[in-house]
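*Asks:* Chain by chain, the residues:
There are 4 protein chains.
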Amino acid sequence: MPTTRGLERLIFFTDAVVAIAITLLILPLVDAASEPENTAKTAAHFFTEERQQILAFLISFAVIARLWVAHHSLFEHVASYSRRILLLNLAWAFTIVVLPLPTAMSAEFDTEALTIAFYLGTMLLSSLMLTLLALTIRGDASIEESARPIGHNAVQGSAVMTVLFALALVVGVFVPGVAFWALLLLLLAGPIEAVLNRRAARLAHSRDA
Amino acid sequence: MPTTRGLERLIFFTDAVVAIAITLLILPLVDAASEPENTAKTAAHFFTEERQQILAFLISFAVIARLWVAHHSLFEHVASYSRRILLLNLAWAFTIVVLPLPTAMSAEFDTEALTIAFYLGTMLLSSLMLTLLALTIRGDASIEESARPIGHNAVQGSAVMTVLFALALVVGVFVPGVAFWALLLLLLAGPIEAVLNRRAARLAHSRDA
Amino acid sequence: MPTTRGLERLIFFTDAVVAIAITLLILPLVDAASEPENTAKTAAHFFTEERQQILAFLISFAVIARLWVAHHSLFEHVASYSRRILLLNLAWAFTIVVLPLPTAMSAEFDTEALTIAFYLGTMLLSSLMLTLLALTIRGDASIEESARPIGHNAVQGSAVMTVLFALALVVGVFVPGVAFWALLLLLLAGPIEAVLNRRAARLAHSRDA
Amino acid sequence: MPTTRGLERLIFFTDAVVAIAITLLILPLVDAASEPENTAKTAAHFFTEERQQILAFLISFAVIARLWVAHHSLFEHVASYSRRILLLNLAWAFTIVVLPLPTAMSAEFDTEALTIAFYLGTMLLSSLMLTLLALTIRGDASIEESARPIGHNAVQGSAVMTVLFALALVVGVFVPGVAFWALLLLLLAGPIEAVLNRRAARLAHSRDA
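In order, the protein sequences belong to chains A, B, C and D. Numbering of the first sequence is given in the numbering used here, commencing with residue 1 and proceeding in unit increments. Numbering of the second sequence is given in the numbering used here, commencing with residue 1 and proceeding in unit increments. Numbering of the third sequence is given in the numbering used here, commencing with residue 1 and proceeding in unit increments. Numbering of the fourth sequence is given in the numbering used here, commencing with residue 1 and proceeding in unit increments.
Isolated chain A (complex conformation) (with noise of 0.2 Å):
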């Protein structure tokens, strides 16, 4: 029942959410350096006093970026949709809407658990859904590219992403002194998806032949 023309709105809707959740992330700083208060600062000045706010900015850039890739790469194995499709779309959408807010607190605030939870919080829902965005996908044949099935690799990555979040929140809320600095587990992500990505080359291969 659905169309081609459907699975592209769907897809292109949720690009164009990500795509302005992240070049609205700037805008806290382009306020902060239009304040007329501000007209007598320097830019060292400036940098200096918005530092927490830069690194906020370039944190959730990094994290609405790998989450975009992620899903990018998840839906190059899907041909159609389904309403559950659909839902769980809207959903990691509205995940992504909310990332500005907890990064303008964490900008602002002063570190506490729940700002940091709030932050990693929305961050591991953003990945679980994609998560099972890839559950739901996987081996339904209405749903999955016949000819590119999803294999273990983008589930287990998904799978994999998901846990170092869950992993970098409890640790950011419940270690001391490491609040954000957390999210540095993700990049354990990489090394870890390549050796998937390989084992899932001989899957792919093995099924093939």
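Read the hints as simulated data drawn from the structure, not as lab findings. Only a predicted model underlies this, so the values are computations on that prediction, with no experimental measurement involved. The reader is advised that the hints may include incorrect statements.
Pairs count within a copy or across copies, as identical chains cannot be separated in the list.
Claimed, not checked - Straight-line alpha carbon distances no greater than 16 Å define the calculated EDC-like cross-link-like pairs of lysine to aspartate or glutamate that follow:
no.: 1; residue 1: K41; residue 2: E112
no.: 2; residue 1: K41; residue 2: E145
no.: 3; residue 1: K41; residue 2: D110
Dock chains B, C and D against chain A, hints included.
*Replies:* Relative to the frame of chain A, chains B, C and D by itself:
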């Protein structure tokens, strides 16, 4: 006379407007978090103080997402467009562009009849435009996808939503203390649409046979 | 040399800019509603105080929508693009990006000749770019869709709109008390275009025969 | 392994980011016009007071438009993508997202070396990413459109622009009183590119023969 690209531009433009409007909903909260006076506040304090703003954000996100899903599902049955379709689409986009204003007002102003009427009235108008679109598309051989007739379900589903928004407006404005909670009436749309979809499926089935 | 995807990117980019500009028009009103000083105000008070802002929002929404419809209808006749088309499109997008500024100025500043000239002048420039686009496309076999020649109607319709904007600018600036109401002259475009379309249809018909 | 839709999403996402960034450039001016203190001001007063902001807006609009045209013309030669293309694109999008910040800073802060370096340095980085993209695409049979080889002209044109931005950065920072006017050096890119295009046309011609 109209081209496929012309139709796709029309849909794309509408999607882009909706994507922007839904993403901008978070901006008033981001601004509130970025206010210099907030630096001493805690996250718990922020969430408490902005609870009405957060509620309004959640309501408007859900409503815009719901309206977009309705638009998405409607245009699965469209193969071309007319000037009337173009203008109704722009009128629908207008209601979506306006929605962030009553959202902000209902969060900041005292709850009063006029604010509720403006908020729920904008949603009602938006739903009404979709119903007019459905009625315009249906049975027009130059617009409707012949292989995918729109069926009773889409028109009736859209009409049901419009009636529920009208009901929510009346209840929200006139029953003291209800206000925006009247939107919970919209939850009835799901079950009702499910019933209508089953009826429509049977209709489509008997039409195919 | 140009690809179809290159043309579609060009149109898409333009559409995205217009969609953003038209959606951002509501932001000054949202900001005004979110100002902390407003918490004691009523909705009726807000609408009264911001009536000029609301009027400016409605005018700019209508004008951008009208210009977009003209662009949309113009590109129904385009099969390819040239560097000149690319640059004229960017110049048109520039006028749309600028439009929110005179909108905000005309809402906030005292009504004076310079504000009116800037507001209506931006619209005139925008319409002029569309006319230049129409003239560039028309009769250029490397650009125009051969199966759908642009015809007199599009060029003349665009020229009529440009002349009406120029007229509105002169009347709005020089006739005391008229100001933005001079834009009502644009309502003449509809009837005039209908006449031109009929003439163009006859021309296209005789060309086909 | 990559799909055409995957490539189109990549390009679309980039275009959406650029469209948003270029449209947001007007926001600081809209905010300045909407400030309540402005109600007594005249338009002439506003233009005089915000002349640096207006100049920064015009410069950034022209630069982003120029960079987008370069990206647009580059991807006319692309038939597929790789992870490296994806990441370089995101890096390029990052420079475009950042650009509104130095724009606002150069408008609000005193003109000093660090602000100029940040502003022109962001542009240089953006142009550098495009050059890296051109070098990555060129000669890679799995990426390049075989029927439309990228040719010397695109790579060299991109390299010329990068060199001119680097030159502008050095002149703007170190020659007193020049500041952002160093960007006028970019006007040399046009003539130089014309020469390169003619050379490339001859090369392509001799390759075809």
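*Asks:* Next, verify each hint and record whether it holds.
*Replies:* Comparing the hints with the structure gives:
1. K41 - E112: between (29 Å within a copy, 11 Å between copies)
2. K41 - E145: neither (56 Å within a copy, 50 Å between copies)
3. K41 - D110: between (24 Å within a copy, 8 Å between copies)
The structure fails hint 2 only (numbered hints given earlier).
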